[in-house]
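Chemist: These protein sequence lines are chains D and V, in that order. Mapping of the first sequence onto numbering that gives the first Met the number 0: position 246 corresponds to residue 245, and the numbering continues sequentially without gaps. Mapping of the second sequence onto numbering that gives the first Met the number 0: position 255 corresponds to residue 254, and the numbering continues sequentially without gaps.
Derived by calculation from the structure, the hints in this document are not laboratory data. A hint or two may mislead.
[Unchecked claim] Now the stretches of chain V that chain D is said to cover, found in silico as 3 or more residues with beta-carbon under 8 angstroms:
#	region
1	65-74
2	80-90
[Claimed, not checked] With a straight-line Cα cutoff of 20 angstroms, these simulated SDA-like cross-link-like pairs (lysine to any residue) come out:
#	chain 1	residue 1	chain 2	residue 2
3	V	Lys139	V	Ala197
4	D	Lys79	V	Ser93
5	D	Lys139	V	His140
6	D	Lys15	V	Glu86
7	V	Lys259	V	Glu219
8	V	Lys139	D	Thr127
9	D	Lys79	V	Ala92
10	D	Lys79	V	Ala88
11	D	Lys15	V	Ala208
12	V	Lys139	D	Lys79
13	V	Lys15	D	Pro1
14	D	Lys139	V	Gly87
15	V	Lys79	D	Met43
16	D	Lys15	V	Arg7
17	D	Lys15	V	Leu108
18	D	Lys15	V	Lys259
19	V	Lys15	D	Val77
[Said to hold, decoys possible] Covered stretches of chain V, as calculated for chain D (at least 3 residues, CB under 8 angstroms):
#	region
20	142-148
21	179-186
These figures come from a predicted structure and were not determined experimentally. Yeah, the Cβ is synthetic: ideal placement off N, Cα and C, and Gly gets one too.
Number of protein chains: 2
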Amino acid sequence: MPGWVDGRPADSLSLKDRGLAYGDGVFETIAVRAGRPQLLERHMARLAEGCQRLALNADLIMVRAELLAFAHELGDGVAKLMLTRGEGARGYASDPQAAPRRILLNSPLPDYPAEYSDAGISLYPCNTRLGEQPLLAGLKHLNRLEQVLARAEWQGTDYAEGLMLDRNGRVIEGVFSNLFLVRNGALCTADLSRCGVAGVMRAELLAQAVGHSLEVHVGEITLDELVQADEVFTCNSVYGVWPVRALQARVWPVGPITRKLQHIARALLDA
Amino acid sequence: MPGWVDGRPADSLSLKDRGLAYGDGVFETIAVRAGRPQLLERHMARLAEGCQRLALNADLIMVRAELLAFAHELGDGVAKLMLTRGEGARGYASDPQAAPRRILLNSPLPDYPAEYSDAGISLYPCNTRLGEQPLLAGLKHLNRLEQVLARAEWQGTDYAEGLMLDRNGRVIEGVFSNLFLVRNGALCTADLSRCGVAGVMRAELLAQAVGHSLEVHVGEITLDELVQADEVFTCNSVYGVWPVRALQARVWPVGPITRKLQHIARALLDA
Numbered sequence: 000m001p002g003w004v005d006g007r008p009a010d011s012l013s014l015k016d017r018g019l020a021y022g023d024g025v026f027e028t029i030a031v032r033a034g035r036p037q038l039l040e041r042h043m044a045r046l047a048e049g050c051q052r053l054a055l056n057a058d059l060i061m062v063r064a065e066l067l068a069f070a071h072e073l074g075d076g077v078a079k080l081m082l083t084r085g086e087g088a089r090g091y092a093s094d095p096q097a098a099p100r101r102i103l104l105n106s107p108l109p110d111y112p113a114e115y116s117d118a119g120i121s122l123y124p125c126n127t128r129l130g131e132q133p134l135l136a137g138l139k140h141l142n143r144l145e146q147v148l149a150r151a152e153w154q155g156t157d158y159a160e161g162l163m164l165d166r167n168g169r170v171i172e173g174v175f176s177n178l179f180l181v182r183n184g185a186l187c188t189a190d191l192s193r194c195g196v197a198g199v200m201r202a203e204l205l206a207q208a209v210g211h212s213l214e215v216h217v218g219e220i221t222l223d224e225l226v227q228a229d230e231v232f233t234c235n236s237v238y239g240v241w242p243v244r245a246l247q248a249r250v251w252p253v254g255p256i257t258r259k260l261q262h263i264a265r266a267l268l269d270a
Numbered sequence: 000m001p002g003w004v005d006g007r008p009a010d011s012l013s014l015k016d017r018g019l020a021y022g023d024g025v026f027e028t029i030a031v032r033a034g035r036p037q038l039l040e041r042h043m044a045r046l047a048e049g050c051q052r053l054a055l056n057a058d059l060i061m062v063r064a065e066l067l068a069f070a071h072e073l074g075d076g077v078a079k080l081m082l083t084r085g086e087g088a089r090g091y092a093s094d095p096q097a098a099p100r101r102i103l104l105n106s107p108l109p110d111y112p113a114e115y116s117d118a119g120i121s122l123y124p125c126n127t128r129l130g131e132q133p134l135l136a137g138l139k140h141l142n143r144l145e146q147v148l149a150r151a152e153w154q155g156t157d158y159a160e161g162l163m164l165d166r167n168g169r170v171i172e173g174v175f176s177n178l179f180l181v182r183n184g185a186l187c188t189a190d191l192s193r194c195g196v197a198g199v200m201r202a203e204l205l206a207q208a209v210g211h212s213l214e215v216h217v218g219e220i221t222l223d224e225l226v227q228a229d230e231v232f233t234c235n236s237v238y239g240v241w242p243v244r245a246l247q248a249r250v251w252p253v254g255p256i257t258r259k260l261q262h263i264a265r266a267l268l269d270a
């Protein structure tokens, strides 16, 4: 199955696209089951926020309709939706009225080892720190060199994910996931107003936690607080929840709140 | 004339290229005159540094040969050379041995008004601040959303360039150029080890200044120091040097050191 560009099957894109030139766009990575995009409303909401903050003049009704049609054709897999500012002449200036380019790509559902979900994962402590840029923080935009550098720090299968701190040493997220910790029965995750990607599964779990009477804290998290946490897990909208089993010398059992949220995430993604 | 991808004429690129997915690559914008890339050695040196810091395993001898052949075909114009990490499966991890993709694009030499060079330009004071990321600072990489946001702050022709500060209010650069000031006969420009793009023309002017017995300072520049400077100018490797005539209420005459360096830059670009 080929990708789609602006609603038509395509495998390639103009060399002049601003997505390539400047990373000028946003994307969503969406689990698709039985032809249906999972967590659709949250993906669309984040996309809308990205378009608003980057002044991308997208027709989100059309984007949504194309995504639904693409997912229907895909069946089971992962749909990656990109919106770029389209083609431009050389230079950073753009036409504020130009319609963004709509790109859809498919890939198979990833085949992660069952132990990642069952026994949990080891986190690699990345040296790559996240820079602070409030204008871009939280968005899933196409400027992802920090994640590329962080992911290149480890090879092999000993580590399923990496831990990323900001330049002040605060705990922010995983390379391709968000991070939660449980402390005295409360759920804590980093504030992402200065750096980081505000994941769709993170938003969903925060909402679900409130519905399940779990106390929730979104704020600063130090490395000490992470190490001293009762439970730690990562999440994203493709795999759901992975318990964190180890970070360097610290080893955690898989805790009850992690399991509970993992079941909730699984139900959402298998729906 | 079409662009080239990996040495062959092409106008499009695979949707799976990591340049599009993550801005995973570097670029150079090179003035070409009479079939010859100008400031070639400095462009190649910056490219080499970018490849080294981003672990892009490029064959720079081949890149250089292709650039020369492309410029020969182009005659007069601007060649944009991009190196991306090529195609990948979904996800940030990449094959460290993969050869980067080589992309060449051409555009006409820009037709800037002569007054930009003669009488100078007004700088727009951008609200978009540069975030600090030492791992990427100085490089001309493909993650350029900060510049896109900054350039979108003004429309029309009253301002030819924008002034960008870092998040601490230090003076760093223009949106698509570097910035110099002259103070008591000495040339000053910002240190770019935490943010900013270390321009090829900036490097050349710093080297030339030393050859012309001009004192040179590379360090922190406050907004006050900029406003109190005797002369201010911007530079890049396409247009050379533009005197800065005005920043908000402050107006400068075009100073002698600016003119001298402008002539040097012009000679380099017309060579």
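Chemist: Compare the structure with each hint and give your call.
Modeler: Status of each hint after checking the structure:
1. 65-74: With 0 residues close enough to chain D, the hint is violated.
2. 80-90: holds (count 6)
3. Lys139/V - Ala197/V: Roughly 8 angstroms between the alpha carbons, so the hint for Lys139/V and Ala197/V holds.
4. Lys79/D - Ser93/V: Holds, at roughly 18 angstroms.
5. Lys139/D - His140/V: holds (18 angstroms)
6. Lys15/D - Glu86/V: holds (18 angstroms)
7. Lys259/V - Glu219/V: violated (24 angstroms)
8. Lys139/V - Thr127/D: holds (19 angstroms)
9. Lys79/D - Ala92/V: With a Cα-Cα distance of about 16 angstroms, the restraint between Lys79/D and Ala92/V holds, given a limit of 20 angstroms.
10. Lys79/D - Ala88/V: holds (12 angstroms)
11. Lys15/D - Ala208/V: Measuring from Cα to Cα gives roughly 36 angstroms; hence the hint is violated.
12. Lys139/V - Lys79/D: Since the Cα atoms of Lys139/V and Lys79/D sit roughly 27 angstroms apart, the hinted pair is violated (cutoff 20 angstroms).
13. Lys15/V - Pro1/D: Since the Cα atoms of Lys15/V and Pro1/D sit roughly 11 angstroms apart, the hinted pair holds (cutoff 20 angstroms).
14. Lys139/D - Gly87/V: holds (19 angstroms)
15. Lys79/V - Met43/D: violated (35 angstroms)
16. Lys15/D - Arg7/V: Status holds; Cα separation ~16 angstroms.
17. Lys15/D - Leu108/V: holds (16 angstroms)
18. Lys15/D - Lys259/V: violated (36 angstroms)
19. Lys15/V - Val77/D: At roughly 14 angstroms apart (the allowed maximum being 20 angstroms), Val77/D and Lys15/V satisfy the hint.
20. 142-148: That given contact holds, which follows from 7 residues of the region 142-148 of chain V lying within Cβ reach (below 8 angstroms) of chain D.
21. 179-186: violated (count 0)
Checked against the numbered hints listed earlier, the structure breaks hints 1, 7, 11, 12, 15, 18 and 21; every other hint is satisfied.
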